[in-house]
Amino acid sequence: MNNTYIQKFDLDPVIPARLREHMTVHDYKKGEKICEQGEAIDHLYLLVEGKIKIFTSSAQGKILVLCFKKPLEAIGDVEYVRKSAVINTVEAVTPVRVLKMPYRAIDESGASSVPFLQFLLRVITEKLHTDSNFTNFNLLHPVETRLASYLLSVSPEGEDNPEELSNMVDVANLLGTSYRHLNRVINMMIKEKWIERKKGYITILDRESLRKLADPVLYE
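Position 89 (the sequence shown) corresponds to 89 in the numbering used here; numbering is contiguous.
Since the hints were derived computationally from the structure, they do not count as laboratory data.
Please read these numbers as outputs of a predicted model, since none were measured by experiment.
Possibly wrong hints are sitting among the right ones.
Claimed, not checked - Computed list of lysine to any residue pairs in SDA-like fashion (alpha-carbon distance at most 25 Å, straight line):
1) K127 / K199
2) K30 / G61
3) K127 / I87
4) K199 / V93
5) K198 / K127
6) K30 / P95
7) K8 / L117
With the hints as constraints, model all of the structure from the sequences given.
Structure follows, in structure tokens:
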């Protein structure tokens with residue numbers, strides 16, 4: 001099983017053979033937390049199937065959704081380098097499969113591997129680049145564009161029921177707007193017949209119009 005994903009994501013030159021011996025496959029159900037903010041972490045995860053949501057929580061219980069990620073994505077890479085607790089909570093949005101590598105095994109078999117260290121550097125650098133683009137996107141684009149981008153990010157082709165309305169407060173936080181203003185934009189899109197709101201879900205009706213409005217799509 002591991003070798004299937006090693007080949008699929010071209011990881012053979014990156015992950016040393018001795019480190020691969022310690023890799024295990026783990027599955028998570030939709031809504032299950034992979035790691036939680038503030039908790040200790042002792043594994044590096046590679047997301048190979050499904051989609052995850054990354055968010056942070058305040059002491060008052062307020063949640064800020066930071067982004068959504070698809071394969072290939074590393075979890076616990078920054079924590080490994082910093083030797084820190086989990087920075088942000090990671091939750092499965094769909095059924096998820098990950099490859100897990102113990103930090104101990106990385107210390108023994110990966111820390112001396114230049115290709116593996118370069119891989120970690122690329123992953124972390126890409127996260128910094130994505131975070132910068134995300135911030136600029138929220139600052140420079142109207143909520144209509146941000147919402148269209150979000151809907152396309154969480155709704156691949158053929159899956160047009162992306163978001164339960166009970167989660168719209170999270171969406172408003174992600175988009176950097178108020179729930180009230182987000183609701184106004186949703187109603188505008190309903191009027192334009194780009195989406196519909198039915199039985200607790202938003203359904204995309206006109207993907208092409210959303211794609212034109214959302215260019216570029218930056219929430220994943």
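Quick rundown of the hints versus the structure:
Straight-line distance between C-alpha atoms of K127 and K199 comes to about 36 Å, which puts the hinted pair past the 25 Å bound. A hinted pair counts as satisfied when its Cα atoms are at most 25 Å apart, and K30 with G61 qualifies at roughly 21 Å. A distance of roughly 13 Å separates the Cα atoms of K127 and I87; the hinted pair therefore holds under the 25 Å criterion. Distance check on the hinted pair: K199 and V93 sit about 19 Å apart at the alpha-carbon level, within 25 Å; holds.
With a CA separation close to 35 Å, the supplied pair K198 and K127 exceeds the 25 Å bound. Pair hint K30 plus P95 holds up; C-alpha atoms about 5 Å apart against a cutoff of 25 Å. In summary, the hint linking K8 to L117 is supported, as the alpha carbons are separated by about 20 Å, within the 25 Å threshold.
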